[in-house]
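Sequences listed follow chains A and B, in order. Quick note: the first sequence uses my numbering, first residue 1, plus one each step. Quick note: the second sequence uses my numbering, first residue 1, plus one each step.
Keep in mind the hints are simulated off the structure, nothing from the lab. Think of the CB as a built atom: it goes at the ideal place given N, C-alpha and C, for glycine as much as any other residue. Keep in mind that a hint or two might mislead.
Said to hold, decoys possible - List time: in silico DSBU-like cross-link candidates among lysine-lysine, alpha-carbon distance up to 35 Å:
1) Lys42(B) x Lys284(A)
2) Lys281(A) x Lys80(B)
3) Lys80(B) x Lys58(A)
4) Lys58(A) x Lys42(B)
5) Lys284(A) x Lys80(B)
6) Lys131(A) x Lys80(B)
7) Lys42(B) x Lys8(A)
8) Lys173(A) x Lys58(A)
9) Lys8(A) x Lys80(B)
10) Lys58(A) x Lys184(B)
As the list claims (entries may be wrong) - FRET-style restraints, in silico, Cβ to Cβ:
11) Ser133(A) x Ser137(B): 40 to 48 Å
12) Gly277(A) x Gln46(B): 53 to 61 Å
13) Asn303(A) x Gly51(B): 56 to 64 Å
14) Leu52(B) x Val114(A): 16 to 24 Å
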Amino acid sequence: MGRSDVTKQGLVNVRPEREALIGAGPRNGSRPKRRRPAESVVPEPEFHSYYGLPVLNKPTWEARDIAGYLFLGGLAGSSSVLAGAAQLTGRPALARPLKLGAAGAIGLSLVALVHDLGRPARFYNMLRVFKPSSPMSMGTWILSVYSPAAFAAAGLELLGSALPAPLRWVLPKTAAHRLSVASTLVAAATGPAVTTYTAALVADTAVPAWHGGYREMPFLFAGSACSAGAGLGLLAAPVAQAGPARRLGPVAALVELAAGRWMRARMGLASEAYEEGRAGKLMKAAEAATAAGAIGALAGRRNRLVSAASGALLLAGSALTRFGIFHAGVQSAEDPKYTVQPQRERLEREGPIRDGS
Amino acid sequence: MALTTTGQPAASAGWEDHPPRMGFFTDTSICIGCKACEVACKEWNQVPDDGLNFTGMSFDNTVGLGADTWRHVAFIEQRKPFGGQESGMDHEGTGGTDLRWLMASDVCKHCTDAACLDVCPTGALFRTEFSTVVVQSDVCNGCGYCVPACPYGVIDQRKDDGRVWKCTLCYDRLQEGMEPACAKACPTNSIQFGPLDELRERADRRVDQLHGSGVTDARLYGHDPSDGVGGTGAFFLLLDEPEVYGLPPDPVVTTRDLSSMYRRAALAAAGVVAGVVLSVLGGR
């Protein structure tokens, strides 16, 4: 401010610059009143942003790896549950392809998850901590129990059928058989957690289209997973033993469709991200495939081909849903309006205090 | 509101003997947009360059915070009066045009309730004894979960490296009793470093002072321990709405809803079991 002096005693009248009086003080009353500039023809924007740039950093995840895992993990988890139930109720021809499918899907999932890491060689650092505040940490431990069980169930299934037919009568008396039953049951018991923890994982972010759906996302994921698992059953099992898949598929498809619609209806502004761009196309295709698969499953009770086709449609619908949700999240993170507008409205409605809410 | 009590996240993180919570008060009213903070940060922390780009949108070619930008100076040109300042732009027939430039140095907020820290599945992100939030680069495996968890868009993944990076509040300098490089380099003291309690008191006085001198737009951002992230360790004095600077107006840490998410995920998992059981019992 130029008020300081250099003296023999050093600097005097130093005004710390952090106290600088900016803005030249209050407006002087004697100043001539200025006319406002002519009314602008450009309307006031609905919300302010910094040059339209996103507030958030968008997810760094690859769609193929992570949306792919959301689908495959759901497929694996629900297939294991259905396989366990099929085995206990004497439907080996349904249990077998579901066990093999679950192991294949979770195997691919693990590859995708490690591949998506910035440092794949450090994947084992996930096992350093057990951290309930991180759904990804919980998921790591769920998968650590589930995956070996799913692999063992599938491996022992293959081993059983690799035995020459005349020797198979010894099977029920072996330790391998007890291990097979145990691993099938462990996979069936942990499968449900595999299908729904991922909903908490994506919802536990600042991404508007994901966090905004945290109430409904677990039900959507459960429905989508069961729809995929039932789809695999319809696709791979003979009609005579596919009864459970034929009943589960349409119900799960209905839950998937209804939870998705309900979620978007309650989400507010961010639901637009599910209607636009790539996410919009994927969600529309997903709904069509899932609905067609459900109807096909009901209609094709006695027909192997119709059953298989509807199973494939349910699988496709589930996969499209997961990719649609993934892209909706990315789109909602890329546009500042989804972050700013709801926060601004909440602030004006409720005020800034949200301690312990 | 006088805010003299500051939570000590270091204590809740398990530090028994810890210094007071340290932080930044960035007073944007005296920022001159020189970007010395950006440069000092890059130099001290050996942050690699991320391209000399021309955005064409303003004097800001840095764009925003990320893996390779830990201080970012925002620049906004507005047709608004700045307190009682005369812009000297009295055009004939219009009666004059108001003009002000807003400049603000953004940085990691070092939240009290830090979403990045909560969701990190490896423990790479941790709470230091100064109550700041730091990534351990020898632990991070680049899972990327913290990136969409941050409500401010601060932390990001360095593509060629795979790990995530952000401001450490110069953890190494703090341990030696030195102030962070950006605060040290700031020529106007717009970036002020110190114990958070002290900074909050000083910030309250500064807002009163500015209001008294006619700058009625002045407001604090992130200073309130009862906000959605429990108050931030780096807070700001702004001259316009936060979103004008690219900041979220009212962020809430995502993990606040986590117990509800887990409950619903458990309920949905039970639904999977019920659905499958009914499907095998429901007939042939």
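Evaluation of the provided hints:
no.: 1; hint: Lys42(B) x Lys284(A); result: violated, 46 Å
no.: 2; hint: Lys281(A) x Lys80(B); result: violated, 43 Å
no.: 3; hint: Lys80(B) x Lys58(A); result: holds, 32 Å
no.: 4; hint: Lys58(A) x Lys42(B); result: holds, 23 Å
no.: 5; hint: Lys284(A) x Lys80(B); result: violated, 45 Å
no.: 6; hint: Lys131(A) x Lys80(B); result: violated, 49 Å
no.: 7; hint: Lys42(B) x Lys8(A); result: violated, 39 Å
no.: 8; hint: Lys173(A) x Lys58(A); result: violated, 55 Å
no.: 9; hint: Lys8(A) x Lys80(B); result: violated, 45 Å
no.: 10; hint: Lys58(A) x Lys184(B); result: holds, 32 Å
no.: 11; hint: Ser133(A) x Ser137(B): 40 to 48 Å; result: violated, 21 Å
no.: 12; hint: Gly277(A) x Gln46(B): 53 to 61 Å; result: violated, 38 Å
no.: 13; hint: Asn303(A) x Gly51(B): 56 to 64 Å; result: holds, 59 Å
no.: 14; hint: Leu52(B) x Val114(A): 16 to 24 Å; result: violated, 35 Å
Of the hints listed earlier, those the structure fails to meet are numbers 1, 2, 5, 6, 7, 8, 9, 11, 12, 14, in rising order.
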